[in-house]
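Could you use the hints to bring the two separately framed chains together as a complex?
Line by line, the protein sequences are chains A and B. Last residue of the first sequence: number 292 in numbering that gives the first Met the number 0, and the count goes up by one each step with no gaps. Last residue of the second sequence: number 388 in numbering that gives the first Met the number 0, and the count goes up by one each step with no gaps.
Hint data in this document are derived by calculation from the structure and do not stem from the laboratory. This structure is a prediction, so every number in the text was calculated from the model and none was measured. Note that the Cβ used here is the ideal one computed from N, Cα and C, for glycine as well. Errors might be hidden in some of the hints.
Said to hold, decoys possible - Some chain B residues judged to face chain A by a derived CB distance under 10 angstroms, without partners named:
| id | residue |
| --- | --- |
| 1 | Ala24 |
| 2 | Thr25 |
| 3 | Gly26 |
| 4 | Gly28 |
| 5 | Lys35 |
| 6 | Val36 |
| 7 | Glu40 |
| 8 | Leu43 |
| 9 | Glu50 |
| 10 | Leu55 |
| 11 | Arg193 |
| 12 | Ala301 |
| 13 | Leu305 |
| 14 | Ser307 |
| 15 | Ala337 |
Claimed, not checked - Residues of chain B placed beyond 10 angstroms of chain A at every Cβ, according to the derived structure:
| id | residue |
| --- | --- |
| 16 | Ala5 |
| 17 | Pro214 |
| 18 | Val355 |
Next come the chains, spelled out residue by residue.
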Amino acid sequence: MTADRSGIAERLAGVGYIADPGLATALWLMELLKRPLLLEGAAGVGKTEVAKALSALHRAKLIRLQCYEGLDQNAALYEWNYQRQLLAIKARENAGDDPDRVEAHIFSEPYLLERPLLQAIRQEEAPVLLIDEIDRADEEFEAFLLELLADFQITVPELGTIQAKAIPRVVITSNGTRELSDALRRRCLYHFVDFPEPDREARILLARMPDIDASLALQIARMVAAIRKEDLRKIPGVAESLDWAAALAGLGIKDLHQDPEAVHDTLICLLKTNEDQRRLTREVSDRLLGRVA
Amino acid sequence: MTPIGASARARLAAFVRSLRANGFATGLGETQDALKVMTSELALRPVYLREAFKALFCSRQQDWQRFDEIFDAFWLGRGMKTAVRASGARPDAARAERRSGFPGFGDKAGSTTAVADRDALDESADLPGEGRSRGASSAEGLSQTDLRHIAEPDALDQAMELAERLARAMRDRLTRRDRRHRRGRRIDMRRTIRASIGHGGTPVDLVRRRRKEKPLRLVMLLDVSGSMSLYSTAFVRFMRGLVERAQDAEAYVFHTRLVHISEALRESDPVRAVERLSLMAQGWSGGTRIGESLASFNRFHAARVLNSRSVVIILSDGYDTGEPGALAQEMAALRKRARRIVWLNPMMGWKDYAPVAGGMQAALPYVDLFAPAHNLASLAALEPYLAKL
Numbered sequence: 000m001t002a003d004r005s006g007i008a009e010r011l012a013g014v015g016y017i018a019d020p021g022l023a024t025a026l027w028l029m030e031l032l033k034r035p036l037l038l039e040g041a042a043g044v045g046k047t048e049v050a051k052a053l054s055a056l057h058r059a060k061l062i063r064l065q066c067y068e069g070l071d072q073n074a075a076l077y078e079w080n081y082q083r084q085l086l087a088i089k090a091r092e093n094a095g096d097d098p099d100r101v102e103a104h105i106f107s108e109p110y111l112l113e114r115p116l117l118q119a120i121r122q123e124e125a126p127v128l129l130i131d132e133i134d135r136a137d138e139e140f141e142a143f144l145l146e147l148l149a150d151f152q153i154t155v156p157e158l159g160t161i162q163a164k165a166i167p168r169v170v171i172t173s174n175g176t177r178e179l180s181d182a183l184r185r186r187c188l189y190h191f192v193d194f195p196e197p198d199r200e201a202r203i204l205l206a207r208m209p210d211i212d213a214s215l216a217l218q219i220a221r222m223v224a225a226i227r228k229e230d231l232r233k234i235p236g237v238a239e240s241l242d243w244a245a246a247l248a249g250l251g252i253k254d255l256h257q258d259p260e261a262v263h264d265t266l267i268c269l270l271k272t273n274e275d276q277r278r279l280t281r282e283v284s285d286r287l288l289g290r291v292a
Numbered sequence: 000m001t002p003i004g005a006s007a008r009a010r011l012a013a014f015v016r017s018l019r020a021n022g023f024a025t026g027l028g029e030t031q032d033a034l035k036v037m038t039s040e041l042a043l044r045p046v047y048l049r050e051a052f053k054a055l056f057c058s059r060q061q062d063w064q065r066f067d068e069i070f071d072a073f074w075l076g077r078g079m080k081t082a083v084r085a086s087g088a089r090p091d092a093a094r095a096e097r098r099s100g101f102p103g104f105g106d107k108a109g110s111t112t113a114v115a116d117r118d119a120l121d122e123s124a125d126l127p128g129e130g131r132s133r134g135a136s137s138a139e140g141l142s143q144t145d146l147r148h149i150a151e152p153d154a155l156d157q158a159m160e161l162a163e164r165l166a167r168a169m170r171d172r173l174t175r176r177d178r179r180h181r182r183g184r185r186i187d188m189r190r191t192i193r194a195s196i197g198h199g200g201t202p203v204d205l206v207r208r209r210r211k212e213k214p215l216r217l218v219m220l221l222d223v224s225g226s227m228s229l230y231s232t233a234f235v236r237f238m239r240g241l242v243e244r245a246q247d248a249e250a251y252v253f254h255t256r257l258v259h260i261s262e263a264l265r266e267s268d269p270v271r272a273v274e275r276l277s278l279m280a281q282g283w284s285g286g287t288r289i290g291e292s293l294a295s296f297n298r299f300h301a302a303r304v305l306n307s308r309s310v311v312i313i314l315s316d317g318y319d320t321g322e323p324g325a326l327a328q329e330m331a332a333l334r335k336r337a338r339r340i341v342w343l344n345p346m347m348g349w350k351d352y353a354p355v356a357g358g359m360q361a362a363l364p365y366v367d368l369f370a371p372a373h374n375l376a377s378l379a380a381l382e383p384y385l386a387k388l
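Okay, chain B solo, but in the shape it has when bound (with noise of 0.2 angstroms):
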């Protein structure tokens, strides 16, 4: 047992923030296992460290493909780009090891910590050249009159009397828990034994559960770029109502970039949560980023918002700049934690319209249902079957 030396603590504490940067969840007790290992024999090896190191601040597969990488961009001071064009997929161990020692403790080509920043992927993401041209929504002809009738402001208070509605049939789904009940379908064995003691053994009075009830989750996803401007408004008094009303509703934007908008739409004074809204939505109208945007969900929002009993909503025309490859992946991830994805599309609701739009073709193998939002009538349509989950 060697002890542990202030700068080699030091050094600790900025690679897990590094790791925290990435997207890694790691709190204290990590870290100071983290110290434990680098005081046990697995030290003095560098190969040795890396994995034990992988194996405790890992908690997923993306992690444990991205780990090595951000590993030896630290410690060892390799930029994470150059680490992956010199060596191809990995980068490779042996190296790592035939450097002397603790690898990066005190040396300083280890303290250029070139580790991707979200921000500069955000910044990236803003790039000018999508948008309207290739959003392709002006060529398919915008048709404005379901929009007409849903901006009135007679159809706007429809629509909070339609989220109310929703909140309400969304509020109660069984569960597998059970309850004690007085007319439950299923019999308490351990409960009617214990009441038929006093009969001796007959069983007068049974016990019976039933399933207990938990309210579902709302999860939406709205689409302000560009294409989808005209409905924008609507939907976002829409998704409003619904965040009031529910018990449990979360409400986010998403254009190039992803907004998490819940709190502002729970401000009570509507001017300051207008106020609010513009702030958090510059760059409304421009292009689309779905798959991006879905990936910055997945990876920051995702864990903590989605259950088994979490429906999410994306209202979008699915006409996506990004790569539908990508947008597939992330439609794949978001699949395996929620319970369903809905997708609503605008444009559904026009004649003649068929999901060719590449980003549409890559999330629909997904989405579980694939409905038209055009008018208020569209998103009625959704009551039954969410009291139905």
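Chain A extracted, bound-state conformation (with noise of 0.2 angstroms):
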């Protein structure tokens, strides 16, 4: 891509994605040193998004594995189509083949499926591949995708080794629930992803809401913030921003001082526990819309 660091905030802006400077950093960086990116911070402080945003940037496919507990390997690289492989064998055997024809013809690429893994190392142009919350992942599945980042092929018993014909553009996303391990930390550029400023936030607002006023979105973006360092289950993330904001601007709010009742109404876009709805009472959020000039 551009060996311009300079101007990625704003090819990234045009695509919709206000980065942070040091995010911008580790985006060039990638390209200069072909290293994958790990991702780490709270949930919804937007770390797919930067995946998305990456594979905007480069016009490039995004292919994403979410990770689970069991993952393993079939699901995340290949699988044989088990339904279509009995009925050729039946066909076939109908048909008087040889055992030795009818396995060489059921191990074949049409009974391939393909799973993220495969499908990102078999693209004619480089994808973004979003490995996301790998921490929910086993060990061994983690040991495994060291090994594949390592030299990018892949081996399928019945049809040989893969080998990438363009190099992906990795994003790896943890939200921290389990320690992931060193080897794995060290192949990749690291960043962490915080809460967005509130300054950062209102342009975020503004980039999705073209609509919206930008004293509105810098409110809003303060509200939230003062909400977060409340003492609450789940803080909101920037999901939750927007579509507070939506709401705001559905009901035709130009300034938050001037419906406080409205404001306090649509908290629930924000708070999604019964617990934190009922802590933020309406003196509570009047008191913190009493500090956002």
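What follows is the structure, given as structure tokens:
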């Protein structure tokens, strides 16, 4: 991509992503060093969005592997289409084919189901590979992934070794529920994603909702920042801020101070547990609103 | 592209060394990539260079939070403490940029490497003032009955025997990785299909899989501070039994500092084992800094020793002279790496004991099993627990 670090933030803004400066540098570095990028941070800070922005920036296909406990290589790499294989065996048996030829036939390309990792490796153009929430997968899977990231090749016993045609740009995210291995961490560039500062969050709101008033966007961002400092069970993320902004805009609100009752009533967009909703009483929301200029 | 001079290379190497001294896990790969970064356009602006090095050298959140400070201390010649005091929480990048050119290269001010040094921290940890007086053990009115019982030679032999049984209980545990097995529970479709080809697609022979078993790893952290001293002998013996018999076990002791003793415990000659232990254990029976000891375990040992098959056993009465908040933080970090945390507290076997000590209170939310360990029976009760994991 571009050899110009300074231009990245603008180009990201062009695709609707408002990056913090450190992240822009990290994305630039991914190109220079050809390393995967590991993103850590709380849920809702927009880690997945980084991968989407990267794919938009390079006009590259986004391939996503969502990790979960018990995720194994079959689900991540490839699987055979058993139903089709069984039908083919039956059909060929009836036609009097010999078993060796049947075997060679059913373990071939048309019966192969690509899963995200194999798919990523077989792209003609380098895709963005998002490995989401790696901390949910088991350590064994992490070790396997490390192997894959080292040489970008996959061996399917029946087909042989498949070498990547273009090296994917890899983004790995983790919510920190489990500590990742040092080996994986060391292979990656690292960026810790925090909740955006009010100024940046306001710009995110404006980028997504061009109709909204700039001063309202800043008020919303500041109010959300204040709410995040309260003792809550689930801290609202950027997606929640967007929902809230949409709700306020839908009510025709131009200034938060204009209608504190509506502000309080719409807080359900931000607070996703019963406990949090009860904790943020009208008094609390008025107090927080008082601090938002 | 500008070629990198020998002095710049040396400065970079020194920077990497100071990162390592601060517990960063950086290797040759990062250093070579850092050289690449230094020849790229990022090097033209110090702020970019800092951001790039940060992405490159950090690999976890703790690194991330400390990096700017270390970077400034090294390249901008600012002492860490003063950097913090002068600018509040974060050193300001703007000031860094005002300095012309490449920060720290051939710059005399940059050569004062004021990087917090681990030994210095350790020394301050050894300050007098804690110990039994504040450890409160004497105030609790230590009962001797259960201890006599455990210190008898017979009982010590029993401790070894018990350790052996526990080691057996831990040996196998199930993992998610499958293995082919005649009587497994799940059908392996890939292999079943292959086997059915000869039968015209009728799956006559079902190929099954079964979960593979892997041993648990046991990591023991024994408190040998003053308040625990009466128990230490028997527990060390117990740990020795485990390290010897279990396939996978590591042992540490701590008081104001953490000491790795697995190697010494593996010493076949008992006299030499005791010598090595007593050399390591200078300062035993002093005060307790559980939080700091756990911090040094987390920082310097955890990555190597802990995985999802690790059970951490902490043997301590929870009388901590450190900050309970710090202990809670380290327990939370430990919690993320280990499969289970077991806290054995000798005082729990006493009548009317309640875990009111500040350290114990802070640690409890992160403990999976909180159990007594004042006699052998209480240790034996661990066996069914470990067997279930």
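The hint names Leu55/B as touching chain A; please verify it with the least Cβ-Cβ distance against 10 angstroms. This interface hint holds because 6 angstroms falls under the 10 angstroms limit.
Taking 10 angstroms as the limit, does the beta-carbon of Ala24/B come near enough to a beta-carbon in chain A? Cβ of Ala24/B sits 5 angstroms from chain A, so the hint holds.
Interface hint status, Leu43/B versus chain A (Cβ within 10 angstroms): With a minimum Cβ separation of about 9 angstroms from chain A (threshold 10 angstroms), the hint on Leu43/B holds.
Hinted contact Val36/B with chain A - closest CB pair below 10 angstroms: Given a least distance of 7 angstroms, the restraint on Val36/B holds.
Cut-off 10 angstroms, beta-carbon criterion: hint that Ser307/B touches chain A: Holds, because the Cβ-Cβ distance from Ser307/B to chain A comes to roughly 5 angstroms (cut-off 10 angstroms).
Holds or violated: is the Cβ of Thr25/B closer than 10 angstroms to a Cβ in chain A? holds (8 angstroms)
Closer than 10 angstroms between Cβ atoms is the bar; does Ala301/B clear it against chain A? Give me holds or violated. Interface hint status for Ala301/B: holds (8 angstroms vs cutoff 10 angstroms).
Against chain A, is Lys35/B within 10 angstroms by beta-carbon distance? holds (6 angstroms)
Please check whether Glu50/B passes as an interface residue: C-beta within 10 angstroms of a C-beta belonging to chain A. holds (4 angstroms)
Minimum Cβ distance from Glu40/B to chain A below 10 angstroms? Constraint on Glu40/B satisfied, holds at 6 angstroms.
Just to be careful: measuring from the Cβ of Gly26/B to every Cβ in chain A, is the smallest value less than 10 angstroms? holds (7 angstroms)
For Pro214/B, is the shortest CB-to-CB distance to chain A above 10 angstroms, so the non-interface label stands? holds (14 angstroms)
The structure agrees with every numbered hint stated previously.
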